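Q: Chain residues, written in single-letter form:
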Amino acid sequence: MITFDDYKGQKPAWCPGCGNFAILNTLKRALVELDMEPHQFAIVSGIGQAAKLPHYLPCNLFNGLHGRSLPVATGLKLANHDLTVLAVAGDGDCYGEGGNHLLHAIRRNVNITLFVHNNQVYALTKGQASPTTRAGKVTKTQPFGNPSEPLNPLALAIALDCSFVARAFAGATGLPFLQEIMKEAIQHNGFALVDILQNCVSFNKENTFHWYKDRVYRLEEGYDPADRVEAFRRSLEWGQKIPTGIFYRNERETCEQQLPPIREMPLARQPVFPSEAGQEVNHFF
Amino acid sequence: MEYTIRVGGEAGQGLQSIGSVLAKILSRYGFHVFTHQDYMSRIRGGHNFYQIRFADSPVTASRDQVDVLLALDMDTIEFHRQDLHAGGRIVYDAVSLGTKFSGQEFLDIPLARITEEKGADQIMVNSVAVGAILGLFGLDIEQFAVIIKSTMSDKGEGVIATNITVAQAGMDFVEQNYPDLDSFKVVKPKTKGQMLINGNQAIGLGALVSGCKFFAAYPMSPSTSIMQYMADKAQQYGIIVEQAEDEIAAINMALGASFGGVRAMTATSGGGFALMTEGVSLAGITETPVVIAEVQRPGPATGLPTRTEQGDLFCVLHGGHGEFPRVVLTPGTPEQAFQLTNKAFHLAEKYQIPVIIQSDQYLADTEWTFPGFDTKHLLNEDFRLRDQILKGMSSYKRYAQSDDGISPLAVPGTSRHLVAVDSDEHDEYGHIIEDAPTRIAMVEKRLHKKMPFIRQEIASPTYIGHQQAMVVLVAYGSTFGVLQEVYALLAKKHRIGMLHFTEVWPFPLVEKFDYVALLKQAAHTICVENNATGQFAKLMRMETGFEFSARINKYDGRPFLVDTLLGEINDHL
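Residue numbers (this note's numbering), protein chains in the order written: chain W, 1 to 285; chain V, 1 to 573.
For reference, chain W alone in the conformation it holds in the complex:
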């Protein structure tokens, strides 16, 4: 049995008090509860504070370019679907630089679990507006106030019929629920988006731990995540009250299930070189 201590990793390079510590530890606990060993999964990430996460626990990892975690994760999963593939990104990484890839990853429905550390600010570059920063907020690079409306990742995902859509809060009070959601998301067969609300102690003095704590609540008992229209309605709720939980899930066929070449066996386990490909030359006569 794998234990929490087996997931001991390098010392993180995050600011003291960063929400990322809680997310990392919660992910480790979820992996332990799922009895997943480090070699059984891979974490793909881009660039940003969140994207450093895979370095801080033992795992297979591909820490690539800003915004590009999902295409790498897609290629990896299609090459070897026996491997559990997680993607970890921040709001700037995934909703800004990599926005186009998110749309198409949702459509494509490869069985990848995406955790977005959403702190509503660019932290690694020190405090500019991110795609989820509220309109009007003044920053060093938006001196007249952020002119753009924030992106609503949940509404976007539900509109695209994303296979699994959830939100969680990475403050102490939200961690047991985050852990449950992480487990559900990893076990879900299909593309899963988990938007994780977190604080940024250095660059977001507005959306603090207390700001979130006063607003977040769990979707009520009896809420039906199969109801897409209701899920969409609830995803629009933001302000004094912010719902958390699994908003929407469906069991639609994954990309992998639709590809005949990998029905029997992952690509990475098939023979490396085709035995009869030389005969293909004959087709040109």
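It cannot be assumed that every hint is accurate.
What the hints assert, rightly or not - Derived DSBU-like pairs: lysine-lysine, alpha-carbon spacing no greater than 30 Å straight-line:
| hint | chain 1 | residue 1 | chain 2 | residue 2 |
| --- | --- | --- | --- | --- |
| 1 | W | K8 | V | K520 |
| 2 | W | K11 | V | K445 |
| 3 | V | K493 | V | K520 |
| 4 | V | K350 | V | K376 |
| 5 | V | K397 | V | K449 |
| 6 | V | K397 | W | K8 |
| 7 | V | K350 | W | K11 |
What the hints assert, rightly or not - Rough simulated footprint, nothing fancy, chain V against chain W, three-plus residues with beta-carbon under 8 Å:
| hint | stretch |
| --- | --- |
| 8 | 112-124 |
| 9 | 185-193 |
| 10 | 231-244 |
| 11 | 258-267 |
| 12 | 271-279 |
Think of the hints as simulated: they come from the structure by calculation, not from any bench.
The structure displayed is predicted, hence computed values, not measured ones.
Glycine included, every Cβ here is placed at the ideal spot set by N, Cα and C.
Start from chain W and add chain V according to the hints.
A: Just chain V now, with coordinates in the frame of chain W:
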């Protein structure tokens, strides 16, 4: 004996079907065939043509003049009439074109009427045209029937039989009405049928035999037919072909799949490659094998989407920030494209680097004949560590230092060893570092240590001709064929040679073959490039200090043709 047929018309009129069927028939009869296409960036209308040159000896380029012009519209007659060789003929249907021409070069063949008389659908007018052309050359209908039976097997017996009937009718019409065209009659070669293949098909075939299992791309002319070829083979060979949302995604998917343990590739043109460059750099620092086919079209930006140019050499040599090793291969024929694609996969995986196969619209779409391709000597070696071998290792470090700079490339998930790769500078385990000594060690590992070994793999340029040549023609990539023909014509009068490069980066070692000495002794060294600025000539000067005495550059979006190029070279001599 040699003839050139040009089929012209609007997009959508079926000139591509006519051209490709004729080329296939001629190659099966054992003729040497060379075809090239000239088409506009539109699906219907405009003006396009398909040119077929066939001969009883090898042909590797297109001529300027034509012997038979098949005009499917009036524009074809207007645009190409002046290219007609003395004694050439223009085949047309006076009723369909609404004009009757009186010159003795015109052969009025009522293609539509023949189709109608046989009760066939008007779409089969193209089969009548094929039959008429075959009749003109005194050939039979046998191979046409074989091809129609295989390509139209899903259309039913009736459609196949009618196509053959109307083609025969077209042939009969020519024989009955133009019996005095003996000058066109050809004798079928004694040699057996040849394979007919274009540059993009050759790259696809090369990828297939090299074990490419994952292909991600965003469609972009003129590279798209590589993706189509791979998709066509996906089921039989177990290949995943993913149409990405953009070229950035395409190369990142390929890198993800390569990390996952399979041979991966992408293909694009210049604009798409420009988007991919950050991914090329990512392949560089993560040392992830990837093969990229860059099929050029004239730029900048959208340029001329369906035409040809060699304008992206510096783009692929330098695209991607930072310093890392890469290989750039520039095939000149479909056979070279096939072999070099195999070499691309081999080098990419052996040295864990990006390898770029650079081609262009001209090579992509020109069809050539060959007696066959050598599939017995493929460079197929699996350099990845997986399963038992990996399990047997006591420890594993993705970027372990080594004498040659090559670290063990393990497949994640096939053992308990963890595989970590990073776009940040990293230590031997793949974790982020910022200290100077580790940085230096990693640059030396992936760049300085590997480069001498990679350089040794690069083939010398091909030299054909006199050992003390007074004139040396130099080129790289797709101009090989036309240069070869021009060289052969000039060799009758001059002490001449031709030097052609198919592997341009790292630049070939003079220690292996001193091509610079060869150039230095010649009075005239002429670099022929299908671009405006002479990028290859600049590369030569950068790498060897040698400067050509003259350059011939063409940047109208069209390929070099034998006769024009011959004239331009003669102007320099």
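Q: With reference to the structure, classify each hint as holding or not holding.
A: The hints, checked one at a time:
1. W:K8 x V:K520: violated (65 Å)
2. W:K11 x V:K445: Cα-Cα ~26 Å, so holds.
3. V:K493 x V:K520: Status holds; Cα separation ~21 Å.
4. V:K350 x V:K376: holds (20 Å)
5. V:K397 x V:K449: holds (18 Å)
6. V:K397 x W:K8: Holds, at roughly 18 Å.
7. V:K350 x W:K11: violated (34 Å)
8. 112-124: Answer violated; 0 residues pass the 8 Å Cβ test.
9. 185-193: Contact hint for the stretch 185-193 of chain W vs chain V: violated, 0 residues under 8 Å.
10. 231-244: violated (count 0)
11. 258-267: With 5 residues closer than 8 Å to chain V, the stretch 258-267 of chain W meets the three-residue bar; holds.
12. 271-279: Our answer is that it holds, as 5 residues pass the Cβ test (under 8 Å) against chain V, meeting three.
Checked against the numbered hints given earlier, the structure breaks hints 1, 7, 8, 9, 10 and satisfies all the rest.
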